[in-house]
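Number of protein chains: 2
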Amino acid sequence: MTWWCELGWLDGPVAGLRVTAVEGLITEVAPGVRQPGDEVLQGLVLPGLANAHSHAFHRALRGRTHADGGSFWTWRESMYRVAAVLDPDRYLRLARAAFAEMVLAGYTVVGEFHYLHHGPDGSRYDDPNAMGHALVQAASDAGVRLTLLDACYLQGGLDGRPLEGPQLRFGDGDVDAWSSRTADLEDGSLLRHGAAAHSVRAVARADLPTLAAHPTRHVHLSEQPAENADCLAVHGMTPTQLLDEAGFLGAGACVVHATHVTDDDLSRLATSSVCMCPTTERDLADGIGRVRAHRGQVCLGSDQHAVVDPFEEARGLEMDERLRSLQRGRFTPTELVTAATSAGYAALGWDGGSFRAGAVADLVAVRLDSPRTAGADPAQLVLAASAADVTDVVVGGRQVVRAGRHGLGDVGRELADVIAECWSHADR
Amino acid sequence: MTWWCELGWLDGPVAGLRVTAVEGLITEVAPGVRQPGDEVLQGLVLPGLANAHSHAFHRALRGRTHADGGSFWTWRESMYRVAAVLDPDRYLRLARAAFAEMVLAGYTVVGEFHYLHHGPDGSRYDDPNAMGHALVQAASDAGVRLTLLDACYLQGGLDGRPLEGPQLRFGDGDVDAWSSRTADLEDGSLLRHGAAAHSVRAVARADLPTLAAHPTRHVHLSEQPAENADCLAVHGMTPTQLLDEAGFLGAGACVVHATHVTDDDLSRLATSSVCMCPTTERDLADGIGRVRAHRGQVCLGSDQHAVVDPFEEARGLEMDERLRSLQRGRFTPTELVTAATSAGYAALGWDGGSFRAGAVADLVAVRLDSPRTAGADPAQLVLAASAADVTDVVVGGRQVVRAGRHGLGDVGRELADVIAECWSHADR
Chain E
34 MTWWCELGWL DGPVAGLRVT AVEGLITEVA PGVRQPGDEV LQGLVLPGLA
84 NAHSHAFHRA LRGRTHADGG SFWTWRESMY RVAAVLDPDR YLRLARAAFA
134 EMVLAGYTVV GEFHYLHHGP DGSRYDDPNA MGHALVQAAS DAGVRLTLLD
184 ACYLQGGLDG RPLEGPQLRF GDGDVDAWSS RTADLEDGSL LRHGAAAHSV
234 RAVARADLPT LAAHPTRHVH LSEQPAENAD CLAVHGMTPT QLLDEAGFLG
284 AGACVVHATH VTDDDLSRLA TSSVCMCPTT ERDLADGIGR VRAHRGQVCL
334 GSDQHAVVDP FEEARGLEMD ERLRSLQRGR FTPTELVTAA TSAGYAALGW
384 DGGSFRAGAV ADLVAVRLDS PRTAGADPAQ LVLAASAADV TDVVVGGRQV
434 VRAGRHGLGD VGRELADVIA ECWSHADR
Chain R
34 MTWWCELGWL DGPVAGLRVT AVEGLITEVA PGVRQPGDEV LQGLVLPGLA
84 NAHSHAFHRA LRGRTHADGG SFWTWRESMY RVAAVLDPDR YLRLARAAFA
134 EMVLAGYTVV GEFHYLHHGP DGSRYDDPNA MGHALVQAAS DAGVRLTLLD
184 ACYLQGGLDG RPLEGPQLRF GDGDVDAWSS RTADLEDGSL LRHGAAAHSV
234 RAVARADLPT LAAHPTRHVH LSEQPAENAD CLAVHGMTPT QLLDEAGFLG
284 AGACVVHATH VTDDDLSRLA TSSVCMCPTT ERDLADGIGR VRAHRGQVCL
334 GSDQHAVVDP FEEARGLEMD ERLRSLQRGR FTPTELVTAA TSAGYAALGW
384 DGGSFRAGAV ADLVAVRLDS PRTAGADPAQ LVLAASAADV TDVVVGGRQV
434 VRAGRHGLGD VGRELADVIA ECWSHADR
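In the order they appear, the protein sequences are chains E and R.
Heads up: the first sequence is residues 34 to 461, going by this note's numbering.
Heads up: the second sequence is residues 34 to 461, going by this note's numbering.
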């Protein structure tokens, strides 16, 4: 199959780019005239956009947590209420609808940071990976590439207190049980597995080296000042220092947020990826991270899905940095596209997010003629477009979205139904 | 005419709200069952959304100023290049397309802060208000309510240096010439006029009292630290203190941005409106204002139109405040709707932006079933919706947008054509 792109992206827009793929992998990329049999993609065609940090079930919280002020920690109470009502079937339906929304918005791969492993009271399902398998099925149904980041979550805080209440279902008991459960997870053509330490709050210092052994490993890091304060109180070092001591950092590691970090932390993070989640970091009042001070690759995630829009996320990276620095152009438009594409693929263990032989065949066509995008320089489109401007999405060589419609049908209806069901149970 | 709203907004969603209007003004508002002959509006129907601060022609800059870093002041150089190529006809076409985009996004009234008064070299058109009349025509064609804020712009800086180069066309020579030119402007059913001092940079201290006499008066205030520094150097006081001394502040005054203000400034601004422009303030690296410290009414504007989305603007108000304060819920969802609606109408000299007898009959229907809005509490929709979720827009009793289509046709095409024409001349 060959796609002929009106404008294709090779670190900038190239007119008439032809992208050929066999069995889901790109074999050839070259500018050229349209050939008979080419599939035509209008507008600017970007390589796949990566959502490097997602908790699919948080989608149920959008537009439902703003009534009473509060903080990250009160928001977390609402999130736990939703978590408590999810069984494998409801988790599948909610994740499928959330993943379908992501594909409509142009996300072609998602890193699902998954920690709802067991039954609500902590009891094991017959299939100990029933919840993870629900996510795999959801991604397959929605047509999105998935890296399932299975998160180890063993304790309720840095003081080592046990999990309780809604957290019980997160826990495998000990790190060996987490290892043996996750050893059974199998990859596929659109599926990879990775490991996650939920955070230094949730995984004890002695258990971090086990997680550190994984080639693709993620961790929530210093999103809130309270995590830093607790870590300093218990261990006399920052969360970054604790991860560094455990050998967690470096190639293959992706730290999520890293909002509140010191100069020493930044030095230790120099060879790790950092995943910024600007729309979430705004929504949860995390503060503005020192993102231009990071030396590692920067990628992006929609995290709790207050917004699902890869362009808004990329714009947020730049705009929050402008608000902090009082300077424009902190990232070039091409750097923002790299953050939204290849940097995210790499952090999720894929060779993708760029048009070259050997990369996965994921393509996203964006309108240049909508009221939002009209008049913009295509080289700067990432600063003008929105999720609503995505018309066509190809994942692994298969077209999943055509003319703005997902093959699954009415995604808004799917979301509305399953979210209403969740809250009707959560409110009881 | 009566509109039956599936959900109508009265400081919150009300099921089955009937809104009746005669000659463009609301005569009755009451919940009720749908009657034969009612016009049905699905989703959540908000009162009109106000864009209290617009420079329509800046729309040509979207997605064109991000290549080379820089600052507010280098961005202004690009803006001046566009300003230099606008004649009344091109100004009309650009503003018409920009206003049409605004209406599609749900804006029903726009405060156009207009300062391109004369020919590019400062020479007068045969009609001295040819450029202002182009804006009036553009708004009429686009079906949007307009407050034309005719801006006095007489000098090139706080030191009193004359206008030069692209600024020449802004100037009327002296404040009396500005007064006599603007005295000829006439109101209409969808048209009001107001006054503006461009800024304390552009209007001399001695001329401010003339502007202060107007019942509706706007001014750019302390958007950049440099304005404050210059004002302190020349006058020994802040821009706010200068405006206060001139009697400019108080009822009828609207200060735009007020990003960098002192505690004393905030006290002096207590009875003025403040117009925040979050998407512009991010884009131009202005910084985060102390918006929750303002005691006056807060309204919203899209300013340079890097983004035209009233929901993104309202969300930005709250989100930037969260980033600054590290607290959530700084504004309630209802306060955000008020900022986006009635506060803006009041700042523009209209009784509108709310559903009650006597207010102008402006209505905006927003989908509750899109992938973005599905699952959200309608009371918190402002934090989930986007411009792409607006389906129907009524201005002064006339339906301008129906099922997401503007009566003018392909607005993206109009924007693309006139913006390409502008840059083809600007690049010469």
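Keep in mind that the hints are not guaranteed to be accurate.
Distance ranges between label pairs, derived from CB positions [what the hints assert, rightly or not]: (1) R:W106 x E:S457: 52 to 58 Å; (2) E:T107 x R:G45: 20 to 26 Å; (3) E:D217 x R:G45: 18 to 24 Å; (4) E:S173 x R:G102: 49 to 55 Å.
Keep in mind that the hints were calculated from the coordinates and are not lab data.
As the structure is a computational prediction, the values presented were derived from the model and not from experiment.
All C-beta atoms in this analysis are idealised placements derived from N, C-alpha and C, irrespective of residue type, glycine included.
Hints versus structure:
Taking the beta carbon of each, R:W106 and E:S457 are about 55 Å apart, inside 52 to 58 Å as hinted. Between E:T107 and R:G45, the C-beta spacing of about 22 Å keeps the proposed range 20 to 26 Å intact. A hinted range of 18 to 24 Å is violated for the C-beta pair E:D217 and R:G45, which are about 50 Å apart. Between E:S173 and R:G102, the C-beta spacing of about 43 Å breaks the proposed range 49 to 55 Å.
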